[in-house]
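A.B. asks: Let the hints inform the model, and build the full structure from the sequences given.
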Amino acid sequence: MAAEHSGEATPAPYLLEARDVSRAFPGVQALDRVRLSLRRGEVLAVVGENGAGKSTLMKILAGVERLDSGTVLLDGRPLRLGGVQEAQRLGIVLIHQELNLAENLDVAGNIFLGREPRRGGFLGLVDKRIYADAEPITRRLGLDSSPRAPVAGLSIGQQQLVEIARALSLDSRVLIMDEPTSSLTQRETDRLFDVIRDLKRGGLSVLYISHRLKEVEEIADRVVVLRDGRNAGELQHDQISHEAMVRLMVGRELKQFFRRTHVPPAGNVPPVLRVERLRLDVGTGQPISFSLRGGEIVCLAGLIGAGRSELAETLFGLRRPLSGEVFLDGRPVRVGSPAEAIAHGVFLLPEDRRSQGLVLEASVKANVTLASLQRVSRLGLINPPRERALARDLCQRLNVHTPSVDKTVGLLSGGNQQKVVLAKWLTRSPRLLIVDEPTRGVDVGAKTEIYGLMDRLAGQGTAILMISSDLEEVLGMSDRVLVMHEGRLAGELPREDLSEEAVMHLATGGGHGS
Amino acid sequence: MRKLAGIGLFLLVLYGSLLIANEGARSAENHYNLGRDIGKYGLISLGAGLLIISGGIDLSIGSVVGLSATVLVILLTEKGWSPLLAMLATLLVGCVIGLVHGVLVTKLRVQAFVMTLCGLFIYRGLARWLAGDKAMSLGRGFPAFWRDWLYRSRAVFGLPMSLVILLVIAGVAAVFLHRSVYGRYLSAIGSNERAVRYSGIATDRYKMLAYVLCSVLAAFYGILFVMETNQVQPSSDGNFLELYAIAGAVLGGCSLRGGEGTVVGILIGTAILQLLGNLVLMWGIPSALEYTVIGGALLLGAILDESLRRGEGRRARGAKEGEKEKQEEEQKDHKPA
Ligand SMILES: Nc1ncnc2c1ncn2[C@@H]1O[C@H](COP(=O)(O)OP(=O)(O)OP(=O)(O)O)[C@@H](O)[C@H]1O
Ligand SMILES: [Mg+2]
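Residue numbers (the working numbering), protein chains in the order written: chain A, 1 to 514; chain B, 1001 to 1337.
Just so you know, these hints were derived from the structure itself, not from any lab.
Where a beta carbon is used, it is the ideal one built from N, C-alpha and C, also for glycine.
Possibly wrong hints are sitting among the right ones.
Heads up, incomplete: computed chain A residues facing chain B, CB under 10 Å, no partners named [said to hold, decoys possible]:
1. Phe316
2. Pro338
3. Gln374
Partial list, computed: chain B residues near chain A (C-beta under 10 Å) [unchecked claim]:
4. His1178
5. Tyr1182
6. Tyr1185
7. Ala1188
8. Ile1189
9. Arg1194
10. Tyr1198
11. Ser1199
12. Gly1200
13. Thr1203
14. Glu1260
C.D. replies: So this is what it looks like as structure tokens:
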């Protein structure tokens, strides 16, 4: 299908414009006459709760999804997009919320996938030039892995940088970023923002989606708020503030940041978890020692690739340590598999919901009850009404937005998928809960709910180890912060010494803390 | 649900065209034979189907049938075992084979396709070696009591016994797959093993179970086979059966990507395959073309399935005005997970 341009050639006020765009899915009106307009050289942020329709709108603009009604205009001319290639040819590039990398290829191979310079005529050999070409882009973004590194071995954050690099390597006029920073740490985010500002000066327009409102305050020139698939309001540059955005998003006031209500027990409580000279199978393999008391929320901070997820996976029995010991409630344990970890009361909320957390083709119900089917079954037979009731209850407690618990979980919005993964553990009472990016892609309201849940669990004596690249979250939630750098513990910061600067100093390898 | 209705309809059409073929096709005798074959083939399709749903595959089914039939004949003739004991031992052979597949696939991470392809060669060779590479006859025939009871009897509503056995096993399998915790794990493993493992479920155990079920059902087929023929030809008996088993499961809606499929679907798929064979015979189509007809039907099924999928997507996208579609979708959503 060809893009249809019509009308006269007067310079349009907007580069890209969506007029009364609607789109329905079975059971949901994802978009209802949504309007949006993007100026040249502008960073326009789109915010809204999980399931508000942000990703759907972006997919429509980028030619990935169809619209039911309404028009999209480029340069003031109506545009009928037939597909991604065509949108890209017209200069509209989308970075998807979920990762879409070819796991078998290396970094450069992914960046130039489909646009490889060829040589050898009909043999179609890929020119080695891609490695040299990839280098400057990855360096600019602060991706420290080689262009020849297979992406399967990269962390989620690094993979996200590869996605961004791929988009940057395309010649674009409109760059759409759907939660590009959801697993990036402060440093990579800062770099990305530098890049965005550069591009903006070059006349590029950016559509930016994020649930990290602080980022939006920092980078956006204007904010469009969606609520339940409708326009809920717009904020000009000088009106942008955390409170204003939240008010439009949820339709009511919400306090600035979650406050912990439970304080960890003072004094000499025996630790729930003690790790002695544990050497991970990644990085420098230097021994790690630390301990965690019940009721404490300890955060593991660090840059991406610092070995935080690897430590979590080792404690959950997914990786073998090279050496060292782990004690739970004073007893030495060897955790060989997740099943054993769970038997010991150790639970993990994994980092990558799609590949590690969810059975995407199955229903919401089947996913939330997967780890607690015993509760709703007798003699191995599932009792469907009880399962349904349990699923409904779990979804309600985390406010999962879905028309029914029978909906295929892969069709939920990203943040709602994250809530489903978390809901799975709500029936258990863990001794040690490891959460890896618990609020990745989750909206403000749900974040508060997740924080409240963690706070409650801590109040019941659970030790919580939290991995997060969201500094605001780290500062707000933790009793203590352990900072990792290149596979080792770079230092520890008690709550009173916590500050953005202190964490960043240690995370970038700058000497020991207190 | 829609898929099941589709293949069910196809089955009815085939059956209708069988009925109008000729007198012989309509006869009770032909129906009896058809039922008996469906009963036998259904067993292996069921085994293959459960395995496919769990994300595995078994290419060795035919060789396992050959080996177990050979073992059974040897135990009954040369070793003089009692029939019951010999049959149990034969099932045990299937069990051990399945366990070996399961262990090698889960613990040593051998790919299922490769593992069972090796099995296809290994068990065929073993069977020939055990039998001295020649056909073996049961002599006096299979002990009458067992043969009459398990194979020839029409005790239940005049149905062939193998069909009755299949229906009983399928009933148990349906409860297992669609209603039990284990079946839920099995199909979830088929679509994302990692997520299931991360949920604290010992996934290897369930995968092994699927391999064992598949091979035990193949061994059972071997027993029925000996009852039917009173002899075994180790070099060829059971050849290609794995392909029939897999074809039945796939026609019945099991996706080779794993995680998808129903017991009823597998039964319908098996019945379609057998009906096709019977139709070729009854309509006087050259029997040389039988495989071609089956292959064509399978291909057609695959194409229809894929376009149905896409059609559903398209309809869902156009669902803006249609309350009707919404209702349809809801019905679809209520199918058993
Ligand atoms: N392919 C699909 N099929 C069915 N429903 C869908 C599909 N894609 C999206 N939806 C539904 O449309 C609604 C909007 O989803 P969308 O992904 O646009 O939300 P979002 O604003 O990006 O949320 P998040 O912040 O969680 O990413 C959700 O209710 C979602 O379940
Ligand atoms: Mg989204």
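A.B. asks: Does each hint fit the structure? Answer for all of them.
C.D. replies: Now for the hints, and whether the structure bears them out:
At its closest, the beta carbon of A/Phe316 sits 8 Å from a beta carbon of chain B; the interface hint therefore holds under the 10 Å criterion. The closest approach between the C-beta of A/Pro338 and any C-beta of chain B is roughly 5 Å, which is under the 10 Å cut-off, so the hint is satisfied. A distance limit of 10 Å between C-beta atoms decides the matter here; for A/Gln374 the minimum to chain B is near 7 Å, and the interface restraint holds. Given hint, B/His1178 at the interface with chain A, holds; its Cβ is 9 Å from that chain's nearest Cβ, closer than 10 Å.
A least Cβ separation of about 6 Å between B/Tyr1182 and chain A falls short of the 10 Å threshold, and the interface hint therefore holds. Nearest Cβ of chain A to the Cβ of B/Tyr1185: about 8 Å, under the 10 Å cut. The hint holds. The beta carbon of B/Ala1188 comes within 5 Å of a beta carbon in chain A, closer than 10 Å, and the hint placing it at the interface holds. Here the hint on B/Ile1189 is kept, as its CB sits about 9 Å from the closest CB of chain A, short of 10 Å.
Because the smallest distance between the Cβ of B/Arg1194 and any Cβ of chain A comes to about 5 Å, under 10 Å, the interface hint for this residue holds. A least Cβ separation of about 5 Å between B/Tyr1198 and chain A falls short of the 10 Å threshold, and the interface hint therefore holds. A distance limit of 10 Å between C-beta atoms decides the matter here; for B/Ser1199 the minimum to chain A is near 4 Å, and the interface restraint holds. Restraint check, B/Gly1200 versus chain A: the minimum CB separation of about 4 Å is within 10 Å; hint holds.
A cut of 10 Å between beta carbons decides the hint on B/Thr1203: the least distance to chain A is about 9 Å, and the hint holds. Restraint check, B/Glu1260 versus chain A: the minimum CB separation of about 7 Å is within 10 Å; hint holds.
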